[in-house]
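Protein sequences, first through last, are from chains Y and Z. The working numbering puts the first residue of the first sequence at 421, with every later residue one more than the last. The working numbering puts the first residue of the second sequence at 421, with every later residue one more than the last.
If you are wondering where the hints come from, they were derived from the structure by calculation, not from laboratory data. Among these hints, one or two may not hold up.
Pairs count within a copy or across copies, as identical chains cannot be separated in the list.
Below, computed lysine-lysine pairings styled on DSS-like, alpha-carbon distance capped at 30 Å [what the hints assert, rightly or not]:
(1) K546 with K453
(2) K453 with K832
(3) K795 with K471
(4) K558 with K546
(5) K795 with K472
(6) K471 with K546
(7) K587 with K453
Since we're looking at a predicted model, the values are computed, not measured.
Residue strings, one per chain:
There are 2 protein chains.
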Amino acid sequence: MRLSRYFLPVLKETPAEAQIASHRLMLRAGMIKQASAGIYSWLPLGFKVLKKIEQIVHEEQQRAGHIPMLMPTLQSAELWRESGRYDAYGPEMLRIRDRHDRDMLYGPTNEEMITDIFRSHVTSYKDLPLTLYHIQWKFRDEVRPRFGVMRGREFYMKDGYNFDLTKEDALHAYNRHLVSYLRSYERMGLQAIPMRADGGPIGGDYTHEFLVLAETGESEVFYDSEITDLRFGDREIDYDSVEQCQAVLEEFTSRYARTDETHDEAVFAEVPEERRRTARGIEVGQIFYFGTKYSEAMGAVVSTAEGERVPVHMGSHGIGVSRLLGAIIEASHDENGIIWPEGVTPFHCGIVNLRQGDSDCDAACERLEQALIAKGLDPLYDDREERAGAKFATMDLIGLPWRITVGPRGLKTGVVELTNRRTGESEEMSLEAAIDRIGQIYSV
Amino acid sequence: MRLSRYFLPVLKETPAEAQIASHRLMLRAGMIKQASAGIYSWLPLGFKVLKKIEQIVHEEQQRAGHIPMLMPTLQSAELWRESGRYDAYGPEMLRIRDRHDRDMLYGPTNEEMITDIFRSHVTSYKDLPLTLYHIQWKFRDEVRPRFGVMRGREFYMKDGYNFDLTKEDALHAYNRHLVSYLRSYERMGLQAIPMRADGGPIGGDYTHEFLVLAETGESEVFYDSEITDLRFGDREIDYDSVEQCQAVLEEFTSRYARTDETHDEAVFAEVPEERRRTARGIEVGQIFYFGTKYSEAMGAVVSTAEGERVPVHMGSHGIGVSRLLGAIIEASHDENGIIWPEGVTPFHCGIVNLRQGDSDCDAACERLEQALIAKGLDPLYDDREERAGAKFATMDLIGLPWRITVGPRGLKTGVVELTNRRTGESEEMSLEAAIDRIGQIYSV
Numbered sequence: 421m422r423l424s425r426y427f428l429p430v431l432k433e434t435p436a437e438a439q440i441a442s443h444r445l446m447l448r449a450g451m452i453k454q455a456s457a458g459i460y461s462w463l464p465l466g467f468k469v470l471k472k473i474e475q476i477v478h479e480e481q482q483r484a485g486h487i488p489m490l491m492p493t494l495q496s497a498e499l500w501r502e503s504g505r506y507d508a509y510g511p512e513m514l515r516i517r518d519r520h521d522r523d524m525l526y527g528p529t530n531e532e533m534i535t536d537i538f539r540s541h542v543t544s545y546k547d548l549p550l551t552l553y554h555i556q557w558k559f560r561d562e563v564r565p566r567f568g569v570m571r572g573r574e575f576y577m578k579d580g581y582n583f584d585l586t587k588e589d590a591l592h593a594y595n596r597h598l599v600s601y602l603r604s605y606e607r608m609g610l611q612a613i614p615m616r617a618d619g620g621p622i623g624g625d626y627t628h629e630f631l632v633l634a635e636t637g638e639s640e641v642f643y644d645s646e647i648t649d650l651r652f653g654d655r656e657i658d659y660d661s662v663e664q665c666q667a668v669l670e671e672f673t674s675r676y677a678r679t680d681e682t683h684d685e686a687v688f689a690e691v692p693e694e695r696r697r698t699a700r701g702i703e704v705g706q707i708f709y710f711g712t713k714y715s716e717a718m719g720a721v722v723s724t725a726e727g728e729r730v731p732v733h734m735g736s737h738g739i740g741v742s743r744l745l746g747a748i749i750e751a752s753h754d755e756n757g758i759i760w761p762e763g764v765t766p767f768h769c770g771i772v773n774l775r776q777g778d779s780d781c782d783a784a785c786e787r788l789e790q791a792l793i794a795k796g797l798d799p800l801y802d803d804r805e806e807r808a809g810a811k812f813a814t815m816d817l818i819g820l821p822w823r824i825t826v827g828p829r830g831l832k833t834g835v836v837e838l839t840n841r842r843t844g845e846s847e848e849m850s851l852e853a854a855i856d857r858i859g860q861i862y863s864v
Numbered sequence: 421m422r423l424s425r426y427f428l429p430v431l432k433e434t435p436a437e438a439q440i441a442s443h444r445l446m447l448r449a450g451m452i453k454q455a456s457a458g459i460y461s462w463l464p465l466g467f468k469v470l471k472k473i474e475q476i477v478h479e480e481q482q483r484a485g486h487i488p489m490l491m492p493t494l495q496s497a498e499l500w501r502e503s504g505r506y507d508a509y510g511p512e513m514l515r516i517r518d519r520h521d522r523d524m525l526y527g528p529t530n531e532e533m534i535t536d537i538f539r540s541h542v543t544s545y546k547d548l549p550l551t552l553y554h555i556q557w558k559f560r561d562e563v564r565p566r567f568g569v570m571r572g573r574e575f576y577m578k579d580g581y582n583f584d585l586t587k588e589d590a591l592h593a594y595n596r597h598l599v600s601y602l603r604s605y606e607r608m609g610l611q612a613i614p615m616r617a618d619g620g621p622i623g624g625d626y627t628h629e630f631l632v633l634a635e636t637g638e639s640e641v642f643y644d645s646e647i648t649d650l651r652f653g654d655r656e657i658d659y660d661s662v663e664q665c666q667a668v669l670e671e672f673t674s675r676y677a678r679t680d681e682t683h684d685e686a687v688f689a690e691v692p693e694e695r696r697r698t699a700r701g702i703e704v705g706q707i708f709y710f711g712t713k714y715s716e717a718m719g720a721v722v723s724t725a726e727g728e729r730v731p732v733h734m735g736s737h738g739i740g741v742s743r744l745l746g747a748i749i750e751a752s753h754d755e756n757g758i759i760w761p762e763g764v765t766p767f768h769c770g771i772v773n774l775r776q777g778d779s780d781c782d783a784a785c786e787r788l789e790q791a792l793i794a795k796g797l798d799p800l801y802d803d804r805e806e807r808a809g810a811k812f813a814t815m816d817l818i819g820l821p822w823r824i825t826v827g828p829r830g831l832k833t834g835v836v837e838l839t840n841r842r843t844g845e846s847e848e849m850s851l852e853a854a855i856d857r858i859g860q861i862y863s864v
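Next comes chain Y alone, as it looks inside the complex:
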């Protein structure tokens, strides 16, 4: 993409309303624009990152054998009356009346709707196990939306639902989700720690939240420092294997790690003192096993091999897709701007032309751009007539992990400069070497 043809409205001033780094940086980098309280438009740069994160979630869910679908944003109140949650859910549920005076609502979650789909179509144990998920806009009418996309009202979320014959099977689904979530977050360059949590309005006493450590986190967390040494890494896993998934769960949840909701000082005291940590964390996902809570209330039953009719065991599993942009930025930025992990960067690298209009510089930049595109990469070429300082400031602000700088002096000796956004380190090399290096970084 040529920057001269793109829409990247960066702001010079720090917006007064933004209290935390991610909100400030997303506004300054031209990623979002507030439409109304807690509701944002995703400008082109923000939209690109949102799609990258969504794509990782899709890939990892499908790798785990979960099946994508899509439920609508608006729901009928009827289903929520069946489960008893229509009255139980507070003013955070946005209630709507349509032109025929029917009670509707903007879905904050989808347990009822997916249970209705299940009971309408599945009647036999033979069709189990089944895990369906979708990524859809949801709404929670927060009384005081803040922190940009971190606590917005309209937000994008992946929510998945498993249906199993037995509690044992459902706990395998739970473990599968834990594994797939660990993989997803790591691909986004994040360490998200599963912590024992509270069921809240979804219900269920078997639940973990995934938290990213960050000073601006809304939750206080307590953990054994050994847990931050764990990595899922690129190990292969067979998602059908109960043992393999269970082993990952045990590895990642056997050390103390809890939010303030479930924190227990007595148990925490058993952790050796030098490993006890208190910090703040941002919640980026949660998994639940809640048994037959919804299937019993709503009649989602299947016949067993013996002909018995039993309610299915269920769980639900959420990843906050739009919120993750904020969490990633909170975990990865400096005073000059965002530092995108390679897995979610909106453009793979930036190309800065130090002398736009100079025929050698222009030709070299175009060659670079074309060669990277030919490799399937997506570079952002700053072809504006701007000072070098302004171009560097923009690249630093929007946080592309790699920058190639092309100037007349370097070209005389046949080199360009490759700069790492995170370390600030630069290296001179030939145009071809820079193309190869970027290709290696992204394994293309």
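We have chain Y already, so just place chain Z on it with the hints.
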């Protein structure tokens, strides 16, 4: 995908509520489930097609130089009061009040919001031309939703907006959209004819609708039969070239083609009688040039090279993404089910195992499946223990364009059967030849 692990709830009975073929077939093929009046869940098969169509729209919009972003579903009433449309829009606008009693609405379209984004960030002619688009859920509270996704209330739509300094530039943007739409529809296997139309509530006297001819279309259309011979085909086009885009517009709009809203008997009578046609059509898109209607009302002005401040010229351009599934099925089905064009098929081909459990048949099917996946294709392997007839009926119903049938008799002589869904023609060939043929069909 193995059918035994998929969620494909096909219906044996024809649902009573469905009046037209596409609605019936989408329900029967397990593509959608009604959540409430005019609001649908997209079951896995339907979701896959929806995503294929969305992807084609994204690719063709970006090929034309248009920039993707995303606006929220809920909008504040304030912007609509500025344009004067809050009161003008009838009961089809879903009005919502949030917990702080602020007037909101579920966006039926986005002229106001995009104009607000534009005026907040763009002040100079140097940043023009600019075309932004998004694909987002919208809501129109139809008094009598019907025909499934063809006239739903919550629907998925691409809407794009161009901002230009002059009327001339804006008309080039108009032409660019016309070209990109022609390409998009053809990739979906559809012939959509641009017809002179009426501006309606969007406004503007320069507008074309794109109509797919189908008996169940809601519009009566009148056209010169020569127009159905036109194909965009695989010609290369430079979207920056005013001449090239203008030439396509002239080629595709110079013959008589109008909806009942703009039909003129006197002009139609000038078409030679043997070429005059009357038919019904389904609207699948519309493009508008409306000049400074919104930019003047909302103060979207830029400074010119001479330092003058002028309102920008705008247009908007919509493709009904969710509605297209219905339109494609109306245009392409038979008594046994859907016939997907290759460009949008949910799976590239089906694999039918005639004797599940037979080790040779199972091994051959698995080899087929793996070889197709290795080519980057996405086959659906019916590995259920079902009669051949039931498997064929399912494949015909869900409409995969190609089916490979593997049975013990054929395997004895080393052949499988490749069947074309549209023609019903079958051909025997080796496993390897079938893999190659499918690869050729999809150019992989």
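Structure-based check of all given hints:
Proximity of K546 and K453 under a CA criterion of 30 Å is satisfied inter-copy only: 22 Å between copies versus 48 Å inside one chain copy. When the C-alpha separation of K453 and K832 is checked against a cutoff of 30 Å, the pair qualifies neither within a copy, at 43 Å, nor between copies, at 65 Å. For the homomeric pair K795 and K471, the shortest alpha-carbon distances inside one copy (20 Å) and between copies (25 Å) are both at most 30 Å. Neither within a single protomer nor between protomers do K558 and K546 lie at most 30 Å apart by alpha-carbon distance, with minima of 32 Å and 38 Å respectively.
For the homomeric pair K795 and K472, the shortest alpha-carbon distances inside one copy (18 Å) and between copies (24 Å) are both at most 30 Å. Taking the closest pair of Cα atoms, K471 and K546 come within 30 Å of each other only across two copies (29 Å); inside a single copy the shortest separation is 35 Å, beyond that limit. In this assembly of identical chains, K587 and K453 lie within 30 Å of each other by CA distance solely across copies; the values are 28 Å between and 45 Å within a copy.
Violated hints, listed in ascending order, are 2, 4; each of the other numbered hints is respected by the structure.
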